[in-house]
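K.L.:
For the record, the sequence lines run as chains A and B.
For the record, in the first sequence the residue sitting at position 93 is 93 according to our numbering, with numbers rising by one throughout.
For the record, in the second sequence the residue sitting at position 110 is 110 according to our numbering, with numbers rising by one throughout.
Hints were generated in silico from the structure; no laboratory data involved.
Don't take each hint at face value.
Cβ pair distances, simulated, as ranges [stated by the list, open to error]:
id: 1; chain 1: A; residue 1: Val96; chain 2: B; residue 2: Gln45; range: 43 to 53 Å
id: 2; chain 1: A; residue 1: Phe60; chain 2: B; residue 2: Pro40; range: 37 to 47 Å
id: 3; chain 1: B; residue 1: His82; chain 2: A; residue 2: Phe60; range: 16 to 26 Å
id: 4; chain 1: B; residue 1: Glu71; chain 2: A; residue 2: Phe69; range: 39 to 49 Å
id: 5; chain 1: A; residue 1: Leu95; chain 2: B; residue 2: Ser3; range: 18 to 28 Å
id: 6; chain 1: A; residue 1: Asn71; chain 2: B; residue 2: Ser80; range: 13 to 23 Å
id: 7; chain 1: B; residue 1: Ser108; chain 2: A; residue 2: Ala2; range: 40 to 50 Å
id: 8; chain 1: A; residue 1: Thr112; chain 2: B; residue 2: His82; range: 29 to 39 Å
id: 9; chain 1: A; residue 1: Lys57; chain 2: B; residue 2: Ala53; range: 30 to 40 Å
Some chain A residues close to chain B (C-beta under 10 Å, calculated; not the full set) [what the hints assert, rightly or not]:
id: 10; residue: Ala2
id: 11; residue: Val4
id: 12; residue: Gln6
id: 13; residue: Glu52
id: 14; residue: Glu82
id: 15; residue: Ser86
id: 16; residue: Leu90
id: 17; residue: Ser93
id: 18; residue: Ala103
id: 19; residue: Thr112
No residue lacks a Cβ here, since even glycine has one placed at the ideal position from N, Cα and C.
One-letter residues, chain by chain:
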Amino acid sequence: KAGVTQTPRYLIKTRGQQVTLSCSPISGHRSVSWYQQTPGQGLQFLFEYFSETQRNKGNFPGRFSGRQFSNSRSEMNVSTLELGDSALYLCASSLVGEENTEAFFGQGTRLTVV
Amino acid sequence: AQSVTQLGSHVSVSEGALVLLRCNYSSSVPPYLFWYVQYPNQGLQLLLKYTSAATLVKGINGFEAEFKKSETSFHLTKPSAHMSDAAEYFCAVRSNTGNQFYFGTGTSLTVIP
Chain A
1 KAGVTQTPRY
11 LIKTRGQQVT
21 LSCSPISGHR
31 SVSWYQQTPG
41 QGLQFLFEYF
51 SETQRNKGNF
61 PGRFSGRQFS
71 NSRSEMNVST
81 LELGDSALYL
91 CASSLVGEEN
101 TEAFFGQGTR
111 LTVV
Chain B
1 AQSVTQLGSH
11 VSVSEGALVL
21 LRCNYSSSVP
31 PYLFWYVQYP
41 NQGLQLLLKY
51 TSAATLVKGI
61 NGFEAEFKKS
71 ETSFHLTKPS
81 AHMSDAAEYF
91 CAVRSNTGNQ
101 FYFGTGTSLT
111 VIP
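Based on the provided sequences and hints, a complete structural model is requested.
P.N.:
Next comes the structure, spelled out in structure tokens:
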């Protein structure tokens, strides 16, 4: 079974630009979550999507948004990029409805804002 | 609110020595607890997860963790460290209302030959 696939692996953007990151979950997983990882703040939850609906949201500004498609693939968008948005963005997929299900992570997208 | 605290941001052990990485949780309900490992420029890989079936949980690569409710702890151990164990380790608790995970700040493990 293929794992969680994130594209692209690396991105370099300029301040003020916008960026879209993509995540394909494990087949059969309908929950997709996004996390931001930085040396200073660690791993922070951005949002979770299930059945094309945002189910949970972390404490991030509105510049960070996401969506999920009918095939469970998800995209995350960051508008008006700031230097502080430089981070490793991780996508995770999970089953729903099973007790104590774990999250399966992709390899991440390394975003550098210059 | 649920959270986990990892004591020690850096741990160094000699090859062959015991590995002990500490994690304490805060939860008002029985927690869903996990340990993940991250290698440089990689995502997170599940080491093990706590299920209510057993307090001692065995994971991959020889790691195990013991759930102690009285101490609100879920420490990760490995009897004998290997060079390949050098990585960042994260303790996490999952929300009871969705698939949101709360991660600790991580412990960087160095294995000295």
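K.L.:
Look at each hint and say if it fits the structure.
P.N.:
Hints, one by one, checked against the model:
The hint said 43 to 53 Å for the Cβ distance between Val96 of chain A and Gln45 of chain B, and at roughly 21 Å that hint is violated. Between Phe60 of chain A and Pro40 of chain B the C-beta distance comes to about 25 Å, which lies outside the given range of 37 to 47 Å. The given range of 16 to 26 Å is broken by His82 of chain B and Phe60 of chain A, whose C-beta atoms sit roughly 38 Å from each other. Distance hint for Glu71 of chain B and Phe69 of chain A: a CB-CB separation of about 44 Å, consistent with the stated range 39 to 49 Å.
Under the hint 18 to 28 Å, the C-beta atoms of Leu95 of chain A and Ser3 of chain B, about 24 Å apart, fit the expected range. For Asn71 of chain A paired with Ser80 of chain B, a C-beta distance near 44 Å fails the hint of 13 to 23 Å. At about 30 Å, the beta-carbon gap between Ser108 of chain B and Ala2 of chain A misses the expected band of 40 to 50 Å. Roughly 33 Å separates the CB atoms of Thr112 of chain A and His82 of chain B, a value that falls within the hinted 29 to 39 Å.
Range check, Lys57 of chain A to Ala53 of chain B: about 32 Å between beta-carbon atoms, so the 30 to 40 Å window is met. For Ala2 of chain A, the interface hint is violated, the least distance from its beta-carbon to any beta-carbon of chain B being 14 Å, above 10 Å. With a cut of 10 Å, the hint placing Val4 of chain A at the interface with chain B holds, because the nearest CB-to-CB distance is about 7 Å. With a least beta-carbon distance of about 8 Å to chain B, the hint placing Gln6 of chain A at the interface is held under the 10 Å criterion.
For Glu52 of chain A, the shortest C-beta to C-beta distance to chain B is roughly 15 Å, which exceeds 10 Å, and the interface hint is violated. At about 23 Å, the closest approach between the beta carbon of Glu82 of chain A and any beta carbon in chain B exceeds 10 Å, and the interface hint on this residue is violated. Among the interface hints, the one on Ser86 of chain A is violated; its C-beta lies about 14 Å from the nearest C-beta in chain B, farther than the 10 Å criterion. Contact between Leu90 of chain A and chain B, as hinted, is supported at the beta carbon level, the nearest pair being about 6 Å apart and thus within 10 Å.
A cut of 10 Å between beta carbons decides the hint on Ser93 of chain A: the least distance to chain B is about 9 Å, and the hint holds. A cut of 10 Å between beta carbons decides the hint on Ala103 of chain A: the least distance to chain B is about 6 Å, and the hint holds. This hint is violated: Thr112 of chain A has a C-beta 13 Å from the nearest C-beta of chain B, more than the 10 Å allowed.
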